[in-house]
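Asker: One letter stands for each residue in the lines below.
There are 2 protein chains.
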Amino acid sequence: MLAGGVGAARLLRGLHSLLEPRQLTIIGNTGDDDTFFGLHVAPDLDTVVYTLAGRVAPQYGWGVRNDRFACLDALGRYYADTWFQLGDADLATHIFRTDALRHGQSLSAVTRAIAAAHGLKITLLPMSDEPVRTFIHVDGRGALPFQAYLVKGRGRGRVRKIEFRGARRASPAPGVLRAIRTADIVVLPPSNPLVSIGPILSLAGVRHALRTTRARIAAISPIVAGMAIKGPLHRMLRALGREVSPVGVAQLYKDFVDAFVIDRRDAQHAARIRALGMRVVVTETIMSTPAKSRALAAAVLQEVSA
Amino acid sequence: MLAGGVGAARLLRGLHSLLEPRQLTIIGNTGDDDTFFGLHVAPDLDTVVYTLAGRVAPQYGWGVRNDRFACLDALGRYYADTWFQLGDADLATHIFRTDALRHGQSLSAVTRAIAAAHGLKITLLPMSDEPVRTFIHVDGRGALPFQAYLVKGRGRGRVRKIEFRGARRASPAPGVLRAIRTADIVVLPPSNPLVSIGPILSLAGVRHALRTTRARIAAISPIVAGMAIKGPLHRMLRALGREVSPVGVAQLYKDFVDAFVIDRRDAQHAARIRALGMRVVVTETIMSTPAKSRALAAAVLQEVSA
Chain V
3 MLAGGVGAAR LLRGLHSLLE PRQLTIIGNT GDDDTFFGLH VAPDLDTVVY
53 TLAGRVAPQY GWGVRNDRFA CLDALGRYYA DTWFQLGDAD LATHIFRTDA
103 LRHGQSLSAV TRAIAAAHGL KITLLPMSDE PVRTFIHVDG RGALPFQAYL
153 VKGRGRGRVR KIEFRGARRA SPAPGVLRAI RTADIVVLPP SNPLVSIGPI
203 LSLAGVRHAL RTTRARIAAI SPIVAGMAIK GPLHRMLRAL GREVSPVGVA
253 QLYKDFVDAF VIDRRDAQHA ARIRALGMRV VVTETIMSTP AKSRALAAAV
303 LQEVSA
Chain U
3 MLAGGVGAAR LLRGLHSLLE PRQLTIIGNT GDDDTFFGLH VAPDLDTVVY
53 TLAGRVAPQY GWGVRNDRFA CLDALGRYYA DTWFQLGDAD LATHIFRTDA
103 LRHGQSLSAV TRAIAAAHGL KITLLPMSDE PVRTFIHVDG RGALPFQAYL
153 VKGRGRGRVR KIEFRGARRA SPAPGVLRAI RTADIVVLPP SNPLVSIGPI
203 LSLAGVRHAL RTTRARIAAI SPIVAGMAIK GPLHRMLRAL GREVSPVGVA
253 QLYKDFVDAF VIDRRDAQHA ARIRALGMRV VVTETIMSTP AKSRALAAAV
303 LQEVSA
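Listed in order, the protein sequences are those of chains V and U. Under the working numbering, the first residue of the first sequence is numbered 3, with each subsequent residue one higher. Under the working numbering, the first residue of the second sequence is numbered 3, with each subsequent residue one higher.
Hints were generated in silico from the structure; no laboratory data involved. All C-beta atoms, glycine included, are put in the ideal place defined by N, C-alpha and C. Treat the hints with caution; some may be incorrect.
Selected chain V positions facing chain U (Cβ under 7 Å, derived; list incomplete) [claimed, not checked]:
id	residue
1	GLY40
2	ARG70
3	LEU77
4	ARG79
5	ASP101
Please model the complete structure; the sequences and the hints are all you need to start from.
Answerer: As structure tokens, this is what we get:
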């Protein structure tokens, strides 16, 4: 699986309940990573870990369950900006990651250690060991780091361009291309194709590996009934002149996806997606409970295993 | 004031209630500093700040009042050693200090910022901007970093030697020697003379400045009735072949202290201390309440202002 944040983690909890952990390799977006208070925060990798470990805050889909914010409150004495919500237990992960990176460990090695510390037996790979940072160019406000755009700015403003700074110099992390080439199935979860999956696809060789792998590739639409399930994707698609529908998403993946999963509410789009050369699965896609995650994961596996 | 940890902070709360904050300059020991989880922790400086800001945990005399340990608990997933008690709000100070030092700020500048962030108008100087680390050489266990000796090892084992690693290369921080030379009064609180005041005295020029300043210098015995008020000082003195009494402490300071303050329970030692060339004040020295801190501070000021 290529993974963004919450949508990916919710599908993963379904796949994780159906497969052996060792069958699962997750390639996580690091374009959303940022440094707060000198600590390296990797929101998408952590959301995967916390979700699979059963420790995610259920009301948000990110962060640690029942976490408190005493440290962040106290950081407010020293810093003007404390808008990025880092809970006390969550901070331990960022402190450890920062410490290990400063000691010369790669992000791959640190991520492996974090997953293991949470008892996970899946393979979790950051997309790259080198820094790639997503910047959102917003009308009148210049290029904003992704978290500043999404969290501080609440995803407001007209998006002019999405930039993956550093992507041209960065290589996929060890194991990323091999995982894609040797997989039986590749899944693109209902994550934002522009800012969650996009940074992974921007790395040298990834898109080529997806086009040429023998794996069957399934993607799930993050647009349902004309809206993003979460986040500002519909506004981004519109601002970039793309169709705000599963078709608009399918077009972004048309060179490598075999099967495209859409919600029942979007059944009317099936024919246009088939015209892009994909099979179409119509099912329930909103993973509001673990049972729904499992049902969607089963539907995806059934389609691509067929 | 030269300052160690809790004893210094308790006397300071008394002085702080009697003097204008701008009259107070505190030179804090940094030999106890250590790095935990990649974060620079400066226990003595922080104890001064938290105490004067009214935020110290009253039951310990260090750390932040009502602090919780959710982050430290979570760090236990990633690290084997979590014996150094860092509370959630307290961690904010170490995160900020570490971040600012990494950005090239001096420890002096960071310490000034921390004190200001807590609304303090006193001058708090670290003894040096360069690293000096206290190591305790313990029979059969080699050289232990101070916190490992004191907190992890609970001050057990026979002390062979106390080493201030880095002290020969380190200079006093800007303002330290000038503060001593231009003060009206210098106070040595009832801190451990070997490991709290000792590192400050070990820096080039500090002892000379104390010997030659026009200030009157008062010291308060941290040994009362044959025991250290707090910590392993009595065991250290004994192991190093020194007398475990106010006299043993006074001997360490005899080249520069004018007035030595001892507890009523130690009145019998007064004559031997006078024989070292000091005046002696006999009073209540256990600062178990703010009122007692204030009374002791008043007694010290009265003696050296006379």
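Asker: Does each hint hold? Answer for all of them.
Answerer: Structure-based check of each hint:
A cut of 7 Å between beta carbons decides the hint on GLY40(V): the least distance to chain U is about 3 Å, and the hint holds. Nearest Cβ of chain U to the Cβ of ARG70(V): about 6 Å, under the 7 Å cut. The hint holds. A hinted interface residue such as LEU77(V) counts as satisfied when its beta carbon comes closer than 7 Å to some beta carbon of chain U; here the least separation is about 4 Å, so the hint holds. Taking 7 Å as the C-beta cut-off, the interface hint given for ARG79(V) holds, the closest approach to chain U being about 4 Å.
Contact between ASP101(V) and chain U, as hinted, is supported at the beta carbon level, the nearest pair being about 3 Å apart and thus within 7 Å.
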